[in-house]
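Engineer: We have chain X; now place chain F onto it with these hints.
Taken in sequence, the protein lines are chains X and F. In terms of our numbering, the first sequence opens at residue 1469 and continues consecutively. In terms of our numbering, the second sequence opens at residue 2 and continues consecutively.
Be a bit skeptical, because a hint or two may be false.
Derived coverage of chain X by chain F (criterion: at least 3 residues anywhere in the stretch with Cβ under 8 Å from a Cβ of chain F; other residues may be distant) [to be verified]:
no.: 1; region: 1785 to 1799
no.: 2; region: 1812 to 1823
no.: 3; region: 1954 to 1962
no.: 4; region: 1969 to 1980
Distance condition first, Cα-Cα at most 25 Å in a straight line; then the derived DSS-like pairs of lysine-lysine [said to hold, decoys possible]:
no.: 5; chain 1: F; residue 1: Lys111; chain 2: F; residue 2: Lys397
no.: 6; chain 1: X; residue 1: Lys1657; chain 2: F; residue 2: Lys162
no.: 7; chain 1: X; residue 1: Lys2004; chain 2: F; residue 2: Lys484
no.: 8; chain 1: X; residue 1: Lys1574; chain 2: X; residue 2: Lys1710
no.: 9; chain 1: X; residue 1: Lys2003; chain 2: F; residue 2: Lys484
no.: 10; chain 1: X; residue 1: Lys2003; chain 2: F; residue 2: Lys488
no.: 11; chain 1: X; residue 1: Lys1674; chain 2: X; residue 2: Lys1657
no.: 12; chain 1: X; residue 1: Lys2004; chain 2: F; residue 2: Lys488
Sample of chain X residues at the chain F side, in silico, Cβ under 10 Å [unchecked claim]:
no.: 13; residue: Phe1482
no.: 14; residue: Pro1778
no.: 15; residue: Gly1846
no.: 16; residue: Pro1863
no.: 17; residue: Leu2001
Don't read these hints as lab results, they were simulated from the structure. Note that the coordinates shown come from a computational prediction; the quantities given were computed from them, not determined experimentally. Beta carbons are placed, not taken as given, at the ideal position from N, Cα and C, and that holds for glycine.
Listed below, chain by chain, are the residues.
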Amino acid sequence: MRRLGRLLKGGEPFIWLTGSALAFSLLMVAGLLFLILRNGLGFFWPADVWVFTLDDGSRIGGRIAAREAIPEPGAKGPVHLKYRLKVKEGNRDVTGADFVWVDEAKIVKRERPADMVAFERREWGDFYGWAKAVKDGEKVVAEGHGPAYRALLSDLPKAREVRDEARRIEKDEIGSVNYAKEKLRLELKRLELHGVTSGPAVAKLKAREDALTATYDELVKKLDEVRSRLATTVVLETVDGKEKEVPVTQVLRADRPNEMGLLAKAGRYLVGVWSFVSEDPRESNTEGGVFPAIFGTVLMVMIMSLVVTPLGVLTAFYLREYAVQGPVVSAVRIAVNNLAGVPSIVFGVFGLGFFVYFIGGSLDRLFFAESLPTPTWGTGGILWASLTLSLLTVPVVIVAAEEGLAAIPRGMREASLALGATKFETMWRVVLPAVMPSILTGLILAMARAAGEVAPLMITGVVKLAPALPVDGYPPFLHFDRKFMHLGFHIFDVGFQSPNVDAARPMVYNTTVLLLVIVVALNLTAIVIRNRLRKKLRTSGI
Amino acid sequence: MSSSAASTPGGAGLSPAARAGTRQNRVRTLTDRFATRFVTASGISIIAAILAILFVIAGVAWPLVLPARARALPAVVLPAGTQPLAVRVDEYREEAFVATSAGLLLVPLKGGAPSAADLPALDGATVTSARSVTGGLALGLSDGRVLPVTTAVDVTYPGGKRLLVPRVTAADPLVADPAGRPVKTFALAETPDGPLLAAAVGPREVSLDTVTETTSLIGGTTREESRQSLALGSEGDASALAVDDRGQDVFAGTTAGKVVRFDRTDASAPGLAESVPVNGDGAAVTLLGFLNGDRTLVVGDAAGRVSTWQVVKDDSGRRHLARMHDFAPHGAAVTGFSPSRRDKGFVTTDASGRTMVRYGTTGKTLLDLPGAGAAITGVTFAPKADGIAAVDAGGKLLQWDVRNPHPEVSWRTLFGKVWYEGYQKPEYVWQSTGATDDFEAKLSLTPLIYGTLKGTFYSLLVAVPLALMGALYTAQFMHPDLKALLKPTIEIMAALPSVVLGFIGGLWLAPTLERTAPGVLLMPLVIPFLTFAAIAAWTALPASWRRVIPHGYELVLLVPVVLAGGALAIWIGSGVESAALGGDYRTWLVSALGLSYDQRNSLVVGIAMGFAVIPIIFTVAEDSLASVPQGLSAGSLALGATRWQTALRVVLPTASPGIFSAVMIGFGRAVGETMIVLMATGNTPIMNSSLFSGFRAMSANIAVELPEAPEGGTLFRVLFLAALLLFGMTFVVNTAAELVRLRLRSKYRTFE
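Isolated chain X, as found in the complex (with noise of 0.2 Å):
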């Protein structure tokens, strides 16, 4: 007792509490990290297809989505000894929904059938089961569990082939039809501001017009007879025996996980993690890839990184070199300082206001009358939401830009002066490139903070589900008027906003990987540029 006295009296427990404090939030980082990791990497693990039979004789096949206590309210105790299992049964069309709890204690035959079936399919989500038979419109190519499914396996690159072409007449051909057609109108409507509404040149957009209709029906047969050339279809069987009878150019991929080895699951998963990253969403944003929010979510960093540079390195060279040091440049060096501690939303509230409500609205009453009262630049769009956040890091490129001039010796400035530069002469050759890992650290962090920021986009432009990404094929190549989407947005959207959450959570969870990963890599090079720096200039400084 007396030893506890003390221990307490010079203070070593507290000294332990203040470490677990410590451990606590390290654990906390650390069970973040693995919660995210474990459910998000695992989801494209092609995991065994169990089927349960119940003790009612119902069966109900599907994956294992997860395994908890049944809850008993009343019950005394924390001892849980009944289990549930939560089910991925899939098949959404045929059941309704895609998961189902079963009882434990209600399963009595579980088995795993080597020729199960998963199909990964455009609509409806997963189906679990059996290939009964593959059909030529009435005709039965196949027929049987085996036969069907090799059928359908030899099948699938053709439809492969006839979805990507379908997708190109559709996304390309005939997208740049109805952009031509659009560009028409807006012509033929700028005409009419200017008070033209006949003539030769309102005939000549008119034939224009016709032409371009004729080209688009044109097109629609073309697609309707691509799509025709494959007109296989396969029964699909549910274990309780239910069927339902889909187009084969539905079917996207087709395993028997039950009967893959290791190296199969493997080769399989990196299909799963490639067609993840590489592919447009599907569904309402529950299937499918990411593509268009990377792809997003790397241009408005890519543009805000071009804006912010040349903003941040000019004002911390004119607050740290050029400015006379006094109260007045303190006062400023604090007020933007602490611009960085302003909250996101607040940014997002001046874009909004500044450059969508302000500056686009201006110049589509200077330019772009005629698309009126459609705004084409009075909306938000990729350009103002980079514009918004390279606001919002200017500050943190002005901190590693002035922090790097702090750290470079006054003696290497001087010398150069002394040698007869001019200071321009000696900014551009001596001092610039001494800063520039400063200036690249503080890009790389204004970049992480960019790449995770979603508060600011939601009011500059932000969406769902864009239609076009901003970059394409058409004059002017570059969109930057368009919306666009972005992982981080697509996290809230798709976990908060979707109908179907259950489904969902493992592309959110996954979405969440891919956006912890840009981030932390680019936090981690940004550590380790500045850390390599510090060496050096401890060295220099010897």
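Structural biologist: Chain F in isolation, oriented as in the chain X frame:
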């Protein structure tokens, strides 16, 4: 340029090479000068642009505080010999319809002579009273009938120009008094069951006329009129009447200064429900009317007082009239009234010719417009609320342009308690949009500010102890090797996007906490206890064992201790829940404390946002703790103080300003955090301090509502005002923290 170089005296005798050198020098100097100017100019302008953010946001919010403005337009002189009674204008304000004692006048406002409308339904009677009703005017006639007249304009665009043709159609008249006595005053409303007319014809009674139209199967429409008489008894003669469009109540203002309410809950036998004196001196009630939505009753009297009332339910469910606002009085008897059809604004006029524009929600008088001196007999608010037209006893039609874009905003409505329509008492409410056109916008920022501060408070409650203790340990007790590993981890923690924390908070933490809340709440007790137990056990070990983990590496040992503590807390929590809280803590919360448990609540936000704030507080605090001069702590240790005593009594006090600024910066971050509060709370703008209920913060509110708010509207500007508040709060706090930190830094310099 070169000629000027040659003309300088120094350049004349130089060799060509030297001259070239001079030219080069000149270019260099010029470049240098240009660079200096360029950097200076762009530096200043960038700083100015950044600082202009404040002014742009303030500039958008500014029109909220601008007063309403009105401009008098030239008056139109009506034909002599008629007494104007009421007026109505079309939405373009080009055509006025004036009810006069002789009938109806069509008055073009953009020039042209007034003409009388053809109304055969008058049937030789004269007009004794007139009122504006939905879609037109209603005329009370000298033969006891009331004639509703639809006034409309047909708009055509021949040749691209707008052309208005006024159209007047009389509906079937209602018979207020079969005996044919003149209608002194009346009120007419279109209820869901059909038109409802209240009229004063005889003394001390109100005649109530209901019309039910039934379409029979054969196709003919039968119109049935039934009449009831409501006795006023000793309350006086009816001098003003009002009927709401739900047909719920009939209000009669009397010559004795009372408002009498007849309840029509039982439509077959409306009874006198209450009689309320509206003024102290018994001045006759001269005006009753409803604001847009027919819920707020405006009462004006012969002494010029104007007040608004509404029927509220008290706790026992009894309905009674309650006074909401008293407005700035007119000097003379109130004569005319017109509600705005867009919001809760209205105009009142008086016998001395004054017109006043007021707003129901705020209780404010926005404009006081002098007239020509003659009593104003009828007034109307233009349909777009951008103008006012009035007719006076002198036979003039007066007009004003009104610019009043944000009448619903005042300091009271933004920050104070306001008595809204349909509420029992004044309250703080944020409800910016509603389902119906007559919705009353409720724009109190108080619940949002409250929500912001509540979220900040709970997150600081989580973050401050953890971050400060962690910082103290890192700065004072941790081994430098471990520290080099730790700092990047904390920096990564700071870089985690808030949308990730919000998502985890909302979708994982919220359901998990719902199961384990008692255990999690026990953690702050269990983990320290277990830590103390661990050190007690540790010191009991032989010294040779203890040497395995030297000072500064306790962290390694503490990680499993904390893990075990967390698990133990959860286990104890569920034990406590089933033993003491009846098996389900949520039902216990409701029954014992009266608290309801929302899944996305302040506890979730506290932890998720605390997570975001910890690294910020940690970094700043650790910085200031580590920069306490070594000499101080070394001296203390040399004098025999233990590590802890030195840290607590020497280092901590010295670094306290830095710790203060760390907490301030953390506060600034939490105040403005958007995505976490958006995703991890239910976003309901309620004001209650419970840990288990949600809230709506200003930042989340902006993110949710700004994309939907029409540009330039009141909501748009109020949201900008909210952003300005956020900006101000964080800027002030951060500047204070920064100044404290700078002072601290210069203080240390003297030690070195």
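Engineer: Indicate, hint by hint, whether the structure satisfies it.
Structural biologist: Results of checking the hints against the structure:
| no. | hint | result |
| --- | --- | --- |
| 1 | 1785 to 1799 | holds (count 6) |
| 2 | 1812 to 1823 | holds (count 10) |
| 3 | 1954 to 1962 | holds (count 4) |
| 4 | 1969 to 1980 | holds (count 4) |
| 5 | F:Lys111 / F:Lys397 | 15 Å, holds |
| 6 | X:Lys1657 / F:Lys162 | 20 Å, holds |
| 7 | X:Lys2004 / F:Lys484 | 21 Å, holds |
| 8 | X:Lys1574 / X:Lys1710 | 22 Å, holds |
| 9 | X:Lys2003 / F:Lys484 | 17 Å, holds |
| 10 | X:Lys2003 / F:Lys488 | 17 Å, holds |
| 11 | X:Lys1674 / X:Lys1657 | 12 Å, holds |
| 12 | X:Lys2004 / F:Lys488 | 20 Å, holds |
| 13 | Phe1482 | 5 Å, holds |
| 14 | Pro1778 | 8 Å, holds |
| 15 | Gly1846 | 9 Å, holds |
| 16 | Pro1863 | 8 Å, holds |
| 17 | Leu2001 | 15 Å, violated |
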